[in-house]
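*Asks:* So the chains spell out like this:
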Amino acid sequence: MDRCLFFILVSSVLLTFPALGQEKTDTEELFKQARDMGFHGNREAARSLCRVILKMKPAYQDVRIFLARTYAWDKQYDSAEVNLHKVLAAKPRHKDGLNALLDVYAWSDRPDSVIRYSDMGLGHHPNFEDYLYKKARAQEKVGDSKGAAITAKQLLDINPSHEKGRDLAKKLKLARMVNKASLNYAYDQFSVIFDPWHMVSLDLSRKTKFGSIIARTNYASRFNTDDIQFELDAYPKIISGTYAYLNVGYAPDTVFFPLFRAGGELHQKLPWSMESSFGFRYLNFVPTTVLIYTGSIGKYWKSYWFSFRPYITPKPASFSRSGNLIIRRYFQTADDYLGLVLGLGASPDEDFFAEAVRNFNNALKISLEYQKLLRSRYVFQIGAGYQYEERRHYNIARMSAKVGISTLF
Amino acid sequence: MKILLAEDEEMMLKAIEFRFQKDGFEVITAKNGKEALEHIKKDPPDLIVTDIMMPFVTGLEIINTVKNELKLDIPIIVLSAVGLEDTVLEAFELGADDFITKPFSPNELIIRIKRLMARR
Chain A
1 MDRCLFFILV
11 SSVLLTFPAL
21 GQEKTDTEEL
31 FKQARDMGFH
41 GNREAARSLC
51 RVILKMKPAY
61 QDVRIFLART
71 YAWDKQYDSA
81 EVNLHKVLAA
91 KPRHKDGLNA
101 LLDVYAWSDR
111 PDSVIRYSDM
121 GLGHHPNFED
131 YLYKKARAQE
141 KVGDSKGAAI
151 TAKQLLDINP
161 SHEKGRDLAK
171 KLKLARMVNK
181 ASLNYAYDQF
191 SVIFDPWHMV
201 SLDLSRKTKF
211 GSIIARTNYA
221 SRFNTDDIQF
231 ELDAYPKIIS
241 GTYAYLNVGY
251 APDTVFFPLF
261 RAGGELHQKL
271 PWSMESSFGF
281 RYLNFVPTTV
291 LIYTGSIGKY
301 WKSYWFSFRP
311 YITPKPASFS
321 RSGNLIIRRY
331 FQTADDYLGL
341 VLGLGASPDE
351 DFFAEAVRNF
361 NNALKISLEY
371 QKLLRSRYVF
381 QIGAGYQYEE
391 RRHYNIARMS
401 AKVGISTLF
Chain B
410 MKILLAEDEE
420 MMLKAIEFRF
430 QKDGFEVITA
440 KNGKEALEHI
450 KKDPPDLIVT
460 DIMMPFVTGL
470 EIINTVKNEL
480 KLDIPIIVLS
490 AVGLEDTVLE
500 AFELGADDFI
510 TKPFSPNELI
520 IRIKRLMARR
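Residue numbers (the numbering used here), protein chains in the order written: chain A, 1 to 409; chain B, 410 to 529.
Fair warning: there could be bad hints in the mix.
[To be verified] Far from chain B, some chain A residues (derived; all Cβ distances over 10 angstroms): (1) N42; (2) E44; (3) D78; (4) E129; (5) D167; (6) G211; (7) R216; (8) T225; (9) T242.
[As the list claims (entries may be wrong)] Covered by chain B, according to a simulated footprint, are these stretches of chain A (three or more residues, beta-carbon under 8 angstroms): (10) 138-148; (11) 192-206.
[To be verified] Computed cross-link-like contacts, DSSO-like style, restricted to lysine-lysine with a CA-CA straight-line distance of at most 27 angstroms: (12) K511(B) x K365(A); (13) K480(B) x K315(A); (14) K372(A) x K153(A); (15) K141(A) x K372(A); (16) K171(A) x K237(A); (17) K440(B) x K315(A); (18) K480(B) x K523(B); (19) K511(B) x K315(A).
No lab work stands behind these hints: they were computed from the structure. Small disclaimer: the values here were computed from a predicted structure and weren't measured. Every residue gets a Cβ at the ideal spot worked out from N, C-alpha and C, and that includes glycine.
Just need the whole structure built from these sequences, with the hints factored in.
*Replies:* Have a look at this one:
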């Protein structure tokens, strides 16, 4: 097929351009055609035409770079790399050749090679913005956020309005702020019987190379009395793409919160931007204990995150089931989003009473939450929700509101 | 004044318990009828507030034991649900003093308790 195509192309070239003496003009015209084909998706024909041109003019490096790029677009990274190394063998300082090679290494997930060759390129062209940006991205990818920040700063010193560079610098700055302190307040108003509930949480979290650790204190005021709970969460990294969630909690007075709580969950990243998890929650409301099995399946699609989390609680003769569907639309950073939660049954994480946890399948809820990163340091969160609960002898509606502020440092 | 509160729904039990305490009552709680009867026999309260449908021993059995077997003169308020009208009638026949239907206002329950105690 290739040979046939090649023959047709060569014939058409000879028919169209009988005076091969006008080599320069002819190859330029053919290159223009090859580019048109390549940019319009006809890559195989574009590559065949590039090969024709290279037979006519082997040192036409722009054609070889374009040929390599078409291979890279089709994920044929080895062929792309071979052609780009030919360019660099002939012209080691070829700016575009090296730039294309950086793309090939970046797309084929070889950040170490991107760093090595961008350093080489910067030796020849120290102010070339593309090299700096690609190097910074690669440094970030290998976990060298400090080096990435220095490279991004070099880039912004040269061109302060480099938009992608600015976004990267902002992201790196956020990544360097490994500590976070959060203060949250939640209010629940009931349609009947119960007085409003108040809850205040203070979180301190730190990102470490082993994963994040969060210490939390929850203070609840309900029925004109108080309760306090201390919790510790950890998200240890196990291997690439696998991490765990571990939780322990203690409420000495155990008025509303369980005396002890524990949780464990294993999260696994999956292909197609998906993630799954499975685990448990253990709540010890003296003298009753509740064991809940849970898990999740989620998918990123464009700027959206979809996730479904079921809860299954064994009861003496049956199971109690509930679940939450979470949809989030992310904006500039992972801290900027608008979220919708649709739930069947109360979330057992709202562990008020053993009875409430076990009977959570008789509730419907909807809530909206909005989170915004302000001045690259503060995270502001608000939310509101409505829950309708069918209890044994009566129905009750619950309106919830929450507000929170976090600072990164 | 000491009130015995018998209710198997934990959230309701806590809500009423804390409301009673706020109004200055001493409260003894029972999560089922059996527990309630044990309290009554050991240390009779000044007033009983009981749910009707409870595990082991129902609210009706509590009323019968208090009023007819132990012959105690303790006022009893029944917490009932919509649809249990016949049961409420039975409760009155057994000797219940008042009833209130869920969902109810805690303020109304307090008023009923105070009114009942004032008549005595």
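*Asks:* It remains to establish, for every hint, whether it holds in the given structure.
*Replies:* Hint-by-hint comparison with the structure:
{"no.": "1", "hint": "N42", "verdict": "holds, 68 angstroms"}
{"no.": "2", "hint": "E44", "verdict": "holds, 69 angstroms"}
{"no.": "3", "hint": "D78", "verdict": "holds, 65 angstroms"}
{"no.": "4", "hint": "E129", "verdict": "holds, 62 angstroms"}
{"no.": "5", "hint": "D167", "verdict": "holds, 48 angstroms"}
{"no.": "6", "hint": "G211", "verdict": "holds, 36 angstroms"}
{"no.": "7", "hint": "R216", "verdict": "holds, 23 angstroms"}
{"no.": "8", "hint": "T225", "verdict": "violated, 5 angstroms"}
{"no.": "9", "hint": "T242", "verdict": "holds, 38 angstroms"}
{"no.": "10", "hint": "138-148", "verdict": "violated (count 0)"}
{"no.": "11", "hint": "192-206", "verdict": "holds (count 4)"}
{"no.": "12", "hint": "K511(B) x K365(A)", "verdict": "holds, 22 angstroms"}
{"no.": "13", "hint": "K480(B) x K315(A)", "verdict": "violated, 39 angstroms"}
{"no.": "14", "hint": "K372(A) x K153(A)", "verdict": "holds, 25 angstroms"}
{"no.": "15", "hint": "K141(A) x K372(A)", "verdict": "holds, 25 angstroms"}
{"no.": "16", "hint": "K171(A) x K237(A)", "verdict": "holds, 21 angstroms"}
{"no.": "17", "hint": "K440(B) x K315(A)", "verdict": "holds, 18 angstroms"}
{"no.": "18", "hint": "K480(B) x K523(B)", "verdict": "holds, 23 angstroms"}
{"no.": "19", "hint": "K511(B) x K315(A)", "verdict": "holds, 26 angstroms"}
Checked against the numbered hints given earlier, this structure breaks hints 8, 10 and 13; the rest are met.
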